[in-house]
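Construct the complete structure from the given sequences, taking the supplied hints into account.
In UniProt numbering, the protein residues as written are 1 to 252.
Quick caveat, the hints were computed from the structure, so don't treat them as lab data. Heads up, a few of these hints could be off.
DSS-like mimics (lysine-lysine), calculated; alpha carbons at most 27 Å apart, straight line [as the list claims (entries may be wrong)]:
id: 1; residue 1: LYS198; residue 2: LYS163
id: 2; residue 1: LYS198; residue 2: LYS208
id: 3; residue 1: LYS198; residue 2: LYS149
id: 4; residue 1: LYS75; residue 2: LYS148
id: 5; residue 1: LYS181; residue 2: LYS149
id: 6; residue 1: LYS181; residue 2: LYS198
id: 7; residue 1: LYS75; residue 2: LYS163
id: 8; residue 1: LYS148; residue 2: LYS198
Distance windows between CB atoms, simulated [as the list claims (entries may be wrong)]:
id: 9; residue 1: ILE214; residue 2: GLY82; range: 28 to 38 Å
id: 10; residue 1: PRO248; residue 2: VAL137; range: 47 to 57 Å
id: 11; residue 1: VAL140; residue 2: GLY6; range: 18 to 28 Å
id: 12; residue 1: ARG83; residue 2: GLU8; range: 27 to 37 Å
Predicted model, so just to flag it, every value in this text is computed and none were measured. Beta carbons: idealized from backbone N, C-alpha and C, even for Gly.
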Amino acid sequence: MPLMPGAEPYHHDAGPVGVLLCHGFTGTPQSLRPWAEYLAGHGLSVSLPRQPGHGTRWQEMNRTRWEDWYAEVEKAFADLQGRCAEVFVAGLSLGGCLALRLAEVHGAAIRGVMVVNPSIALDVPLLRLAPLLKWFVASVPGVANDVKKPGVTELAYTRTPVKAAASLPGLWSLVQADLAKVTQPLLVFHSTEDHVVKPTSVAIIRAKVPQATIEELTDSYHVATLDNDADRIFAGSLDFIRTHASVPLQRD
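Structure representation (structure tokens):
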């Protein structure tokens, strides 16, 4: 299946500290590419995989489920772990959920977690109906491109594949149930105005992960990594990594 131009994965080999970046539901690596390149430019090894079913056609995504997306980031994590002394994980939206699941599963093998507008809760009424809707409709209007900054476009599907979406509640339930296993340092960037993910997810994280640091973003919508607060996210995540890594970055 041909890829959308710009949806390609990104990888950079550098120093002993690695970062795995996970893009969001119906999105592509494009939404995190500037973040990935920023971290790479500061001496980090970076992996930004494209999850199955993404970056081609939404019909293709209906053949995948959350287990497929998680398997891809697991594979990327194992690769980074084999090449780096320490690994951090990060993600946007549902990618933040996948990053948290990695932290729950791998414990101390992950040095720290950084998430932007994470999605871990079933708080969209339409998605409650997805397990039923999938038998009647293939897609519904998309949720992509929630960006405040003029002239910026997120590369993502304009339709939401319903069969794929119907698998999300299973992942959310699993991640919520195991949040107490996230004992690593956790940095959460949260847009105060987000038209895709409600504040419920961050509220749950705040309540269940006491060591989490919550940074409010006041000038960005959901895809904050492409928005007005992007530089703040990039710099803040680099400071977080420098603080919690036990080995120096290549350029430090």
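Results for each hint:
no., hint, in the structure
1, LYS198 to LYS163, "22 Å, holds"
2, LYS198 to LYS208, "17 Å, holds"
3, LYS198 to LYS149, "20 Å, holds"
4, LYS75 to LYS148, "33 Å, violated"
5, LYS181 to LYS149, "36 Å, violated"
6, LYS181 to LYS198, "23 Å, holds"
7, LYS75 to LYS163, "24 Å, holds"
8, LYS148 to LYS198, "17 Å, holds"
9, ILE214 to GLY82: 28 to 38 Å, "33 Å, holds"
10, PRO248 to VAL137: 47 to 57 Å, "53 Å, holds"
11, VAL140 to GLY6: 18 to 28 Å, "24 Å, holds"
12, ARG83 to GLU8: 27 to 37 Å, "20 Å, violated"
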